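Here are the chains, one letter per residue:
4 protein chains.
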Amino acid sequence: MTDSLIELRERLRCFAEERDWQQFHAPKNLAMALGVEVAELAEHFQWLSEQDSRRLPAAELAAVREELADVLLYLVRLADELGVDLAQAARDKIGRNAVRYPVETSRGSSRKAPER
Amino acid sequence: MTDSLIELRERLRCFAEERDWQQFHAPKNLAMALGVEVAELAEHFQWLSEQDSRRLPAAELAAVREELADVLLYLVRLADELGVDLAQAARDKIGRNAVRYPVETSRGSSRKAPER
Amino acid sequence: MTDSLIELRERLRCFAEERDWQQFHAPKNLAMALGVEVAELAEHFQWLSEQDSRRLPAAELAAVREELADVLLYLVRLADELGVDLAQAARDKIGRNAVRYPVETSRGSSRKAPER
Amino acid sequence: MTDSLIELRERLRCFAEERDWQQFHAPKNLAMALGVEVAELAEHFQWLSEQDSRRLPAAELAAVREELADVLLYLVRLADELGVDLAQAARDKIGRNAVRYPVETSRGSSRKAPER
Chain A
1 MTDSLIELRE
11 RLRCFAEERD
21 WQQFHAPKNL
31 AMALGVEVAE
41 LAEHFQWLSE
51 QDSRRLPAAE
61 LAAVREELAD
71 VLLYLVRLAD
81 ELGVDLAQAA
91 RDKIGRNAVR
101 YPVETSRGSS
111 RKAPER
Chain B
1 MTDSLIELRE
11 RLRCFAEERD
21 WQQFHAPKNL
31 AMALGVEVAE
41 LAEHFQWLSE
51 QDSRRLPAAE
61 LAAVREELAD
71 VLLYLVRLAD
81 ELGVDLAQAA
91 RDKIGRNAVR
101 YPVETSRGSS
111 RKAPER
Chain C
1 MTDSLIELRE
11 RLRCFAEERD
21 WQQFHAPKNL
31 AMALGVEVAE
41 LAEHFQWLSE
51 QDSRRLPAAE
61 LAAVREELAD
71 VLLYLVRLAD
81 ELGVDLAQAA
91 RDKIGRNAVR
101 YPVETSRGSS
111 RKAPER
Chain D
1 MTDSLIELRE
11 RLRCFAEERD
21 WQQFHAPKNL
31 AMALGVEVAE
41 LAEHFQWLSE
51 QDSRRLPAAE
61 LAAVREELAD
71 VLLYLVRLAD
81 ELGVDLAQAA
91 RDKIGRNAVR
101 YPVETSRGSS
111 RKAPER
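Protein chains in written order, with the numbering used here: chain A, 1 to 116; chain B, 1 to 116; chain C, 1 to 116; chain D, 1 to 116.
Simulated from the structure, these hints should not be mistaken for lab results. Don't take every hint at face value.
Remember, identical chains collapse to one label, so a pair may be satisfied in a single copy or spanning two.
Derived pair list, reagent style EDC-like, types lysine to aspartate or glutamate, alpha-carbon separation capped at 16 Å [as the list claims (entries may be wrong)]: (1) K112 - E40; (2) K93 - D20; (3) K112 - D80; (4) K93 - E66.
As the structure is a prediction and not an experimental result, all values here were calculated from the model.
Here chain A stands alone, though its shape is the one from the complex (with noise of 0.2 Å):
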């Protein structure tokens, strides 16, 4: 069983070669349209209560799914394109954060930590 993020990496890669989309996949564009899909994710959260977005209609949670999938997509392709193994960096980035956020300090508060 291939790894999802390798799979979906190769078959956006194939996509993009196929429709000779790699020219206009310059990281800084895809960094523009990951943008827009957050944006277009967002949209469905902007007037909904905290309350409310936990709890969304089947019709919206669909549009929402799709939102969610097309800032995968983007993503996945612009690490592909800068060379970064994405799960890999997602893991140091996890750990870089348990050393930020304590349990013991951080428990119950939403306050963001110094950089460093």
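Given the coordinates of chain A, assemble chains B, C and D onto it according to the supplied hints.
This is chains B, C and D only, laid out in the frame that chain A set:
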């Protein structure tokens, strides 16, 4: 071997539970936080030419790698709170995109296809 | 008395010219920079309840005020580079919104109206 | 003659009051909506070269003009809800930027200055 998206989902869920952060993790809030991380990523590219965005200096790339990780972490957390299987949603979307952007008519064009 | 949007436009144009920054101020780049500033603004609100976002502590409000300024500065610069009269564009849009959202049918509803 | 930012503030306040929309206009929600509008603006530029973003076709420019208006409307509404004088905040920020980016050392450089 666990799929990396599943592994990240489980680790992030524990991370949030241990810190009692689930109270903050309403989908609305996570969608905002995701947007903030994407902007921190985009900031690295805003004054670069497309060409230069393809060949970042090593220090810049290391910083960008960390921002990519942040985006993935919030995306995985958000999908988990919404009960969405992110890998499957992405596979489904690639399938829809293949229909929406046929190879023959999409080659070399960045034009957006109508929604359906 | 000069209109404040005109005054800001002129001051920012000089600011950019004096520093030879117009080479960086392609609309594409300014649109990205605008997005980054909006995210820096949003970051102040992401973990707050709606209620708490209405009553920021003074220090927080001072920081938010500065982010609001940054957003306006990039917006004015971008409109100037595109040759758009921002005040007139905004007046026109209010007119269109008044048609799109009639008082009777829009009262108390956050539903988005179809584009036309 | 009324300053255009004041005029827009007053018109938008009435617009919201007439529709009983102030309940939705928590600063948190307006900041999200502002981000969505900026992304709709950015979408017009994401696959364009910097050069092409400087010379949009007329129809594209008309659409971009409307998005610029949307951004200003939400920005004015947000500043009003927070009690911030937007024009004065922008003037203050230009003053700070003049100190932060002296003409001599900033000429032709897009490097971000340290916060202070």
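Which numbered hints fail: 2, 3
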